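Peer 1: Top to bottom, those sequences are chains Z and E. For the first sequence, numbering that gives the first Met the number 0 assigns the number 0 to the initial residue and increments by one for each residue that follows. For the second sequence, numbering that gives the first Met the number 0 assigns the number 0 to the initial residue and increments by one for each residue that follows.
Since the hints were made in silico from the structure, they are not lab data. One or more of the hints may lead you astray.
Derived list of chain Z stretches under chain E, where covered just means 3 residues or more per stretch with a C-beta under 8 Å from a C-beta of chain E [what the hints assert, rightly or not]:
(1) 217-226
(2) 231-243
(3) 251-262
Derived DEER-like restraints, expressed as beta-carbon distance ranges [said to hold, decoys possible]:
(4) Z:L319 / E:P298: 23 to 33 Å
(5) Z:P321 / E:S196: 34 to 44 Å
(6) Z:L158 / E:I288: 26 to 36 Å
(7) Z:L319 / E:N127: 43 to 53 Å
(8) E:F15 / Z:L158: 17 to 27 Å
(9) E:E283 / Z:V159: 34 to 44 Å
These numbers were taken from a predicted model, which means no experiment stands behind them. The C-beta atom is built at its ideal place from N, Cα and C for all residues, glycine as well.
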Amino acid sequence: MGMREYLIKRIIQGIVTIFVVISINFFLFRAMPGNPFMRFIESQPRGKVKEMVDIYIKLFGLDKPLWEQYLIYIKNLLMGKFGYSFRQVGVPVSKIIMERLPNTLILMGTATTLTIIIGIAFGVIAAGRRGELADISTVVVGLTLYSIPIFWLGLVFILVFGFWLGWFPLWGMITPGKYFSNPFEYAVDYLWHMTMPCTVLVLVSAGGWALITRNALLDVFTEDYILTAKAKGLDERTVFYKHALRNAMLPLVTMIALSFGFIASGAVLTETVFSWYGIGRLLYEGTMQHDYPVVQAAFFMIAICVIAANIIADILYAYLDPRVKY
Amino acid sequence: MENKTVIKVENLRKWFPIRRSFFATLFSKEELYVKAVDGVDFEIKEREVFCLAGESGCGKTTTARTILRLVEPTDGKIYFDGDDITHLKTKELKPYRIKMQIIFQDPYESLNPRLSVFDIVSEPLQVNKLYESQRELKEKVATALEEVELIPPERFMYRFPHELSGGQRQRVAIARAIITRPRFIAADEPVSMLDVSIRAEILELMDRFKREFNIAYLYITHDLSTARYVSDRIGIMYLGKIVETGNIDKVLDDPQHPYTQALISAIPVPDPTMKRKRVILRGEPPNPIYPPPGCRFHPRCPYAKDVCKEKEPEMVKVGEEHYAACWLLS
Ligand SMILES: Nc1ncnc2c1ncn2[C@@H]1O[C@H](COP(=O)(O)OP(=O)(O)OP(=O)(O)O)[C@@H](O)[C@H]1O
Ligand SMILES: [Mg+2]
């Protein structure tokens, strides 16, 4: 099979997977306990509660048989319609998500890129100096960071750098009520707010990347073809970069592609702790407030990104590793 | 005319330091080593095959890799064409790398999976700038592939290792080794991973290069019956040391050291009526971190005397071109 057929096969597989995901997505929310409208209506003035709930159920088409709802759902998805929020009456879900998405992409994109670069760099340094101080400290620090819960580290940062030292804002994305005379000032304020959540995300995940990179390299170092390369008269740098690193990077390529697939999903814990208005926090709010159409649409978008990243990872891998049979 | 000595090693040692946990180093300052190679001497001349044989773990592979300076020697001297290469740095070693090569046991591991056959075979020329033009490079690679009987070479050049059989891979490894016209090749069990049916062809190939290019071989094997077929001289290794050495026929037909006798009695004999002295090896070889005092073989030797437990025996001449280190012989 050639690369073309492989590509087509992977895309068809991806479409099937997406279909399965959207079906699960449909039934999952209908299987949730409780009536999503009850809390909303309870907050209204006392009165004809029963009637109001019925009106809402009719409005959202939830009185129709399940199979009919399912068909409508699929049809709407295909047309790119995600419905309306239960909570913010009349506001389309896509608008809510689009408002949040840029914040998540900026935070997670920056954090993921930095994590991967820093993690791999430390892994390479550690593997190149096996057993020396640089290596031992990378392993110890890496393992420690790897095992720290992110929300805890976030709270520590807020306490130390936000509250005690006052270097960074405690929460949010923009200083409230501040007037910005130009977009540059706005960007600076935004980045200043982003520094702490981004640092926390990088710290917690870079450790794992360093350890994985280091192990992948050490595995490759013991291969005979590394000795072969040395016997050919290559200097140590070339052996390291051309023969060892290129082979060790193979498993990492898949991981890199997948991490980028997850940037749209946001970081639920970090965004919640730092009040960062991204997709992660939206998922948290949507779940707490039973705003199912919003959560459903967010899940759908995340699934698409992850599945796409998977396909890209497989194709990259097939391209880079001649051994892959497709 | 006497053939020139290509490789000579004197009292070669390779001790691997043992990595210990942080706690272990707190309680004891003593450094521990795996004494993989512990005082080995031999020399190999042009067109000569010197065989190293012995049980698994006795240090054969480490000896070969140390001679090629792929691992750093702990002690002793390595001479190539009379030049001391024991402590040369990576740069100074480069001209010698062209002249000495290694063939590994497992052709599935010795070829970089991401490089094509052309990349693998041409790299030694590229690194050492041994070509004028792309065309010449390609021609040289094609010639090398033809020499190892990968014919037509164009069919193999742009394949990747995983698309080749074990025998073809080993041929690629040999092509890579001979392309710089080395004077010395260490072949570390080059056929043990291959099908029996192609072993003879590969050995034949190596033998042809020996005659055509005057190569000196270090041939490492477990298999004493093929050793006789390809080698001129042999060294029997036990726990990092050579215990018996000499002309291959003399050593194998008339083994003097009890360990050699034991190894030879382990070879199946085609003729069951043939009688020979049998020595059965008891137990496992001892731990190379703490080799036994005196003669290293004494805990497993059926003839061990008191002196064997205390003093290490010297290598003594036991016949024409035949030496052994055993207290029974001196
Ligand atoms: N890189 C290393 N670090 C530590 N110990 C090693 C290393 N390489 C080899 N050793 C040890 O040195 C000893 C000799 O190993 P070596 O591979 O040279 O034996 P061998 O005679 O080639 O065995 P085999 O017949 O199994 O290939 C063994 O005890 C082995 O565990
Ligand atoms: Mg070996």
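Peer 1: For every hint, state whether the structure bears it out.
Peer 2: How the hints compare with the structure:
{"no.": "1", "hint": "217-226", "in the structure": "holds (count 4)"}
{"no.": "2", "hint": "231-243", "in the structure": "holds (count 7)"}
{"no.": "3", "hint": "251-262", "in the structure": "violated (count 0)"}
{"no.": "4", "hint": "Z:L319 / E:P298: 23 to 33 Å", "in the structure": "52 Å, violated"}
{"no.": "5", "hint": "Z:P321 / E:S196: 34 to 44 Å", "in the structure": "28 Å, violated"}
{"no.": "6", "hint": "Z:L158 / E:I288: 26 to 36 Å", "in the structure": "52 Å, violated"}
{"no.": "7", "hint": "Z:L319 / E:N127: 43 to 53 Å", "in the structure": "28 Å, violated"}
{"no.": "8", "hint": "E:F15 / Z:L158: 17 to 27 Å", "in the structure": "49 Å, violated"}
{"no.": "9", "hint": "E:E283 / Z:V159: 34 to 44 Å", "in the structure": "58 Å, violated"}
In this structure, the hints that do not hold are numbers 3, 4, 5, 6, 7, 8 and 9, in rising order.
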